[in-house]
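J.: Here is how the chains run, residue by residue.
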Amino acid sequence: MAKLTIDERVLDVDPQLTVIQAAAANGIEIPHFCWHPKLSVAGNCRMCLVEVEKMPKLAIACATQVAEGMVVRTKSDRVIKARNAVMEFLLINHPLDCPICDEAGECKLQDYAYKYSIGYSRFDEDKVHKPKRVELGPRVLLDVERCIMCSRCVRFADEVARQPVLTFTQRGTHVVLTTFPETQLDNRYSMNVVEICPVGALTSRDFRFKSRVWEMSSTDTICAGCSRGCNMNMWVRNNEILRLTPRHNEDVNSYWMCDDGRLKTFPWVNSPRRLSGPLVRKDGQLLETGWDEAIAKAATDLRLFRKGEVAAIGSPFATNEDNYAFQKVMRENLGVKFLDFVEHIVDGDEDDLLIRADKTPNARGARAVGVRPASPSEGLPAILKGISGGSIKALYVLEDNIASDPKIREVLTNLDLLIVHAHERNETTEMADVVFSASTYAEKHGTFVNFQGRVQRIRAAIATLEQDRALDGFAMSRWDKFASQNDKWGKGPRRDARPSWRIVTALGAALGAKAKFQTSEDVFREITERVPEFKGLTFMSVGIRGHMLAARQAAAKPVSVT
Amino acid sequence: MGSNGQIIRKKDLNFWDRLYIPEILKGLVLTFRQMFKPEITVQFPEERFTPPAQFRGRPVLVEENGVERCVACGLCSRVCPALAIEVQASETELAKERFPIKFEINMVRCIFCGFCEEVCPEEAIIMSNEYLLVFNNQQEAVFGKDKLLKSAAEMHDRLEFLRQHR
Numbered sequence: 103m104a105k106l107t108i109d110e111r112v113l114d115v116d117p118q119l120t121v122i123q124a125a126a127a128n129g130i131e132i133p134h135f136c137w138h139p140k141l142s143v144a145g146n147c148r149m150c151l152v153e154v155e156k157m158p159k160l161a162i163a164c165a166t167q168v169a170e171g172m173v174v175r176t177k178s179d180r181v182i183k184a185r186n187a188v189m190e191f192l193l194i195n196h197p198l199d200c201p202i203c204d205e206a207g208e209c210k211l212q213d214y215a216y217k218y219s220i221g222y223s224r225f226d227e228d229k230v231h232k233p234k235r236v237e238l239g240p241r242v243l244l245d246v247e248r249c250i251m252c253s254r255c256v257r258f259a260d261e262v263a264r265q266p267v268l269t270f271t272q273r274g275t276h277v278v279l280t281t282f283p284e285t286q287l288d289n290r291y292s293m294n295v296v297e298i299c300p301v302g303a304l305t306s307r308d309f310r311f312k313s314r315v316w317e318m319s320s321t322d323t324i325c326a327g328c329s330r331g332c333n334m335n336m337w338v339r340n341n342e343i344l345r346l347t348p349r350h351n352e353d354v355n356s357y358w359m360c361d362d363g364r365l366k367t368f369p370w371v372n373s374p375r376r377l378s379g380p381l382v383r384k385d386g387q388l389l390e391t392g393w394d395e396a397i398a399k400a401a402t403d404l405r406l407f408r409k410g411e412v413a414a415i416g417s418p419f420a421t422n423e424d425n426y427a428f429q430k431v432m433r434e435n436l437g438v439k440f441l442d443f444v445e446h447i448v449d450g451d452e453d454d455l456l457i458r459a460d461k462t463p464n465a466r467g468a469r470a471v472g473v474r475p476a477s478p479s480e481g482l483p484a485i486l487k488g489i490s491g492g493s494i495k496a497l498y499v500l501e502d503n504i505a506s507d508p509k510i511r512e513v514l515t516n517l518d519l520l521i522v523h524a525h526e527r528n529e530t531t532e533m534a535d536v537v538f539s540a541s542t543y544a545e546k547h548g549t550f551v552n553f554q555g556r557v558q559r560i561r562a563a564i565a566t567l568e569q570d571r572a573l574d575g576f577a578m579s580r581w582d583k584f585a586s587q588n589d590k591w592g593k594g595p596r597r598d599a600r601p602s603w604r605i606v607t608a609l610g611a612a613l614g615a616k617a618k619f620q621t622s623e624d625v626f627r628e629i630t631e632r633v634p635e636f637k638g639l640t641f642m643s644v645g646i647r648g649h650m651l652a653a654r655q656a657a658a659k660p661v662s663v664t
Numbered sequence: 006m007g008s009n010g011q012i013i014r015k016k017d018l019n020f021w022d023r024l025y026i027p028e029i030l031k032g033l034v035l036t037f038r039q040m041f042k043p044e045i046t047v048q049f050p051e052e053r054f055t056p057p058a059q060f061r062g063r064p065v066l067v068e069e070n071g072v073e074r075c076v077a078c079g080l081c082s083r084v085c086p087a088l089a090i091e092v093q094a095s096e097t098e099l100a101k102e103r104f105p106i107k108f109e110i111n112m113v114r115c116i117f118c119g120f121c122e123e124v125c126p127e128e129a130i131i132m133s134n135e136y137l138l139v140f141n142n143q144q145e146a147v148f149g150k151d152k153l154l155k156s157a158a159e160m161h162d163r164l165e166f167l168r169q170h171r
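Note that the protein sequences, when read in sequence, are chains A and B.
Convert by adding 102 to the 1-based position in the first sequence; the result is the number in the working numbering.
Convert by adding 5 to the 1-based position in the second sequence; the result is the number in the working numbering.
No wet-lab data here; the hints were simulated from the structure.
Glycine included, each C-beta is placed from N, C-alpha and C at the ideal position.
One thing to keep in mind: the hints can contain errors.
Here's a subset of chain A near chain B, in silico, CB distances under 10 angstroms, partners left out [what the hints assert, rightly or not]:
(1) R148
(2) D199
(3) E237
(4) F270
(5) R314
(6) N588
Residues of chain A placed beyond 12 angstroms of chain B at every Cβ, according to the derived structure [said to hold, decoys possible]:
(7) V315
(8) T347
(9) V444
(10) E445
One chain only, chain B, in its complex shape (with noise of 0.2 angstroms):
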């Protein structure tokens, strides 16, 4: 349709074009090919999808024999341009001398770049594959570290591609 409304034909169709019916089999051949092929859909929120190692889920803290690897420096909190990372270092007596004795994401603000998992020194903070993400208020958004401790192991592969690709 042109703007004005009027039906505008091609000039340049040949026979078999203007013949119509070659051209909705081929749309349809394209069809049937795709019945055939395996499924790719998945049934959300039934079938649960695992994303790979690269995907930016919600960040996590990185546990190490009973104790985060966070030393509290406070790179990713001045990083974060959502400003949603607020972290309170204190004194411990293990070789790391400080670690974070409060950590909290507000994740209403966080908007998955990255940036903290990139500044980390330690590589203790790092990207999950977590996606799902419900809050029903405001105060259930701000993650302590009581939902941010992942255990490296649990974290293995998201750790192995950092290593890899960084």
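Chain A extracted, bound-state conformation (with noise of 0.2 angstroms):
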């Protein structure tokens, strides 16, 4: 350890560190553009100069090591004065255009040209002009005039996602930000470089102009697209979601999230096909009804069943709760001993950055919870076996569209009835007697286990009928705060959907079984208490970080990012 000095700070480091690692691990700021945590140093941006005793320069942060007794002073007059310069610098031929511009209001630019830049310009002369709305690739736009060539996703694109197809060309104020001739920018994570750049010159083209980022609110919670769980953030403006970022966890994702994550896992929420109700079948046609008829509705045709005829399949796109909830209603009031979820996993679609084979974010969570059958003779095949057979004459499916794959859709026309809990129509509710309509991932509470074994939580972002932002502790933005009965813009879309556990308690309590789950977290605490692996466990001890369970603590291996 070394004896470093910041600011008439002194800290115990470690030697190994630069000094803006060192300042950044204890909480001390030091501006900077090029530098990024998990990129290789670059040094071209010199906004993070600092005085350092004994050095006759000023030196850059980013790349001075740390060494024993070293004094660094971050907001010495020299420091402040070499600061502006940069900042006036950067800001010659930066377009004034910040309300155009997506990046206004997260951008780095904008809040050092407010922190450390004197306020005004003394260049008067014409900005250079370069090439605006520059397809780098299918999902990422440039804007050269506004790049203040940092170099972060030239890094990125190198080092992270091993696509190194962009450079500078040109020199000095003419430097333009391209990709070599006849390739694009295209790989599975090249959207993480509109994160990093800290201007708005790589703007996501699906989010392009959809809302200004303090519109929205932003929600703390997990990525459903793969088995990796990636932490992310869910921006939701008038009851929508808009788009999903990356939220940095070292042991999951680091500061990434793939592209498919980011654009795949959320416009079914939206989507104005989602169910607005439950169905319930009559003379052959689904027709919506109230919660209360269709739950008696179920209740009474599953009894009409003896205990061998029922199946049950879970789900590895629905949380632990309802998981949970869902298999110790069929055990417990339904005696079914036919027990299993299926899988989904795309062989082969996988890489050693954060995409998972296994596409869904819970198998190893549905599993954990009881969803898998007691013996092999009950498992899936064996379900899809009685149900061709006629052994099994009932089925009770949780949010997930099974009859997709064609081969099990033909199984299913065997059966005498099909209970569906589903987000939207598809091919098994339109196979189905009784289907509920159930809550998505972003609009429940809940918690998922990734391919580590880690328990995380997931947070409601978007309001059901029956939920109230508020009253309910979701994340609110200004407009959610303020809006009364008669402004449009409170009022977005509402589902009439409800979290698979509340419907299976609901249907638990209607086969006599006494109903006690109020909120997921209770449905979480009896996890705790039957399941050894889920042992000790809270939502608080989750937390935003999440936590390992038990059983597997040792075996957890954190993220190889480089």
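Make one complex out of these two single chains by using the hints.
T.: As structure tokens, then:
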């Protein structure tokens, strides 16, 4: 350990660190553009200049290694003067188009212009003009004028995404960021450059001009795109998800997230095709009905079958709470033995950064909380065989479109009764007798278990008909806080959906069980009492970083991200 | 009158004050003088008053060359203390890249403070001289782009006022 003094504060730090790392670890902010904790050091923005005692000139904190007894000043007159000069140079050719720039509000250059700049420009010549709206790839758009040449994106493409297609051409004020001829930035992590870009040069084509950042609320939650379970922020305005951005968690996804996770895991939540309430089949037609009627109908219909004739299929897309409550009601109230879930593994579609072949967020959790057959003779193959053979006549399916597989679809035609929890009309609901409209992962609280065995919390960001943003503790934007009855912008589309654990708890009550779960936390509490792997956990202790399952703690391996 | 109903006589009245008549005449002179001055009363609603350029009437969007100046930056919406303004941006092929596909001001919420005009980086939303606003229901009070857009020529006086005094 080395003794380092920053602004009169004496710190004891690892001598392997650079000054900026040591400062960041101790909560001291040194302004920077090109330095990123997970990328190599470029040292080209010169914003992190600091004064180091006994060094003749100012040094850049990102490339200066800590030494024993080093004395660093980040707020001396020389440093402030140099910083002002750097800001002035950066702003010479940077266009003043914050009003139309998507980055405005979360822009490093904008923030530093307030914090570290002199506040006016002495430059009155014409700014250099460069190409705008350049399509760098299918998902990323470049505005070259706004670029401050920090090279973060170039290093990201080289080092993290390992698709070295970005480079700078020309010199001086004419520098242009571009892709090599006949290549484009189309790797599966390309949209991370939008986040790491300190200005609005790289923007998401999907989110372009959709909303200003200060108009949205942001909720800490988990991506449901694959079993990695990347930590992310869900940005919502007017009860509609507008974008997803990665949230730093060194043990899971570091600072990154894949493009599929960002773009494919939310449009279906906003979709107008979502179910608008429970459906019951009458005379061959699925008709909308009330919750009480649908639950009563499901209960009466299920009672018509003997114990061995009912099978249940849980869901790796649903939360641990949903799966636990589901298997509990199935086992205890219906005596179901045939209980399993369908895996969704795309062989070979994985890499060593984030993407996993298992495309469900909770397969491990579903198994852990009891959605698994007691013996192999009661698993999924046995269920399908039983349905084909006629020994299983009723099936209860939780939040999974199992009939999208033509083979399973064929088998399901033999059923006498099919009850489904679904988000929207799909192949499975078309065959169902009772359909419950279930809340999506964006509308409920709960936990997932990722492939490492890490329990992670999802939080509700979209309000359903029965929820209230203020009363139920949702993240609130200014609009959400002040909307009144007459304001259109306070009333985004709300769906009549309920979390699956609540639906099955109500069903259990109709079948004679004592209904006792009031919140998802109640269900989780019972899981921690009954399932040894979850022992001792609470929603609080899972927190925003997640917590390893007890039995697997030793086997956990941190993510390998350079 | 005093607080308990007694009549209080002023002690310092001089002789002429106490005579009473000259004071009456003084008042009548003032009244008669006004009768020969030009009228300033406006016979509303038959007659309409046109406010000067510095008047803050309802906000409007300035239209220039057939398109709104507005780039849908949302600052007016953010600064509005009454949350009257809702803007939804979208992309345009024009050089300004961005335009409001939806721009709505809820005139029931608007308090005519003029912050939107002050914050606008494009001089796109300005206060007009219109003060006659009548609605029959809440929906009618939400002004969309159709009611908000006014040509720059029409808004010349206000724009000139802003140029000189801002």
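J.: Was the hint right that A:F270 lines chain B, CB cutoff 10 angstroms?
T.: Because about 24 angstroms separates A:F270 from the closest Cβ in chain B, which is outside the 10 angstroms limit, the hint is violated.
J.: Is it the case that A:V315 keeps its Cβ farther than 12 angstroms from each residue Cβ in chain B?
T.: violated (10 angstroms)
J.: Minimum Cβ distance from A:R314 to chain B below 10 angstroms?
T.: holds (4 angstroms)
J.: Is it correct that the beta-carbon of A:T347 has no partner in chain B closer than or equal to 12 angstroms?
T.: Non-interface label on A:T347 holds, nearest chain B Cβ at 19 angstroms vs cutoff 12 angstroms.
J.: Double-check A:D199 for me: the hint is only fine if its C-beta lies closer than 10 angstroms to a C-beta in chain B.
T.: holds (8 angstroms)
J.: Report holds if the minimum CB distance from A:V444 to chain B is greater than 12 angstroms, and violated otherwise.
T.: About 40 angstroms separates A:V444 from the closest Cβ of chain B, which puts it past 12 angstroms; holds.
J.: Taking 10 angstroms as the limit, does the beta-carbon of A:N588 come near enough to a beta-carbon in chain B?
T.: holds (5 angstroms)
J.: Can we trust that A:E445 is non-interface, i.e. its beta-carbon lies farther than 12 angstroms from all of chain B?
T.: holds (41 angstroms)
J.: Return the status of the interface hint for A:R148: holds when the least beta-carbon distance to chain B is below 10 angstroms, violated otherwise.
T.: This hint is violated: A:R148 lies away from chain B, its Cβ roughly 29 angstroms from the closest one there, beyond 10 angstroms.
J.: May I ask you to test the interface hint for A:E237 with respect to chain B, counting a Cβ-Cβ separation under 10 angstroms as satisfied?
T.: violated (13 angstroms)
Checked against the numbered hints given earlier, the structure breaks hints 1, 3, 4 and 7 and satisfies all the rest.
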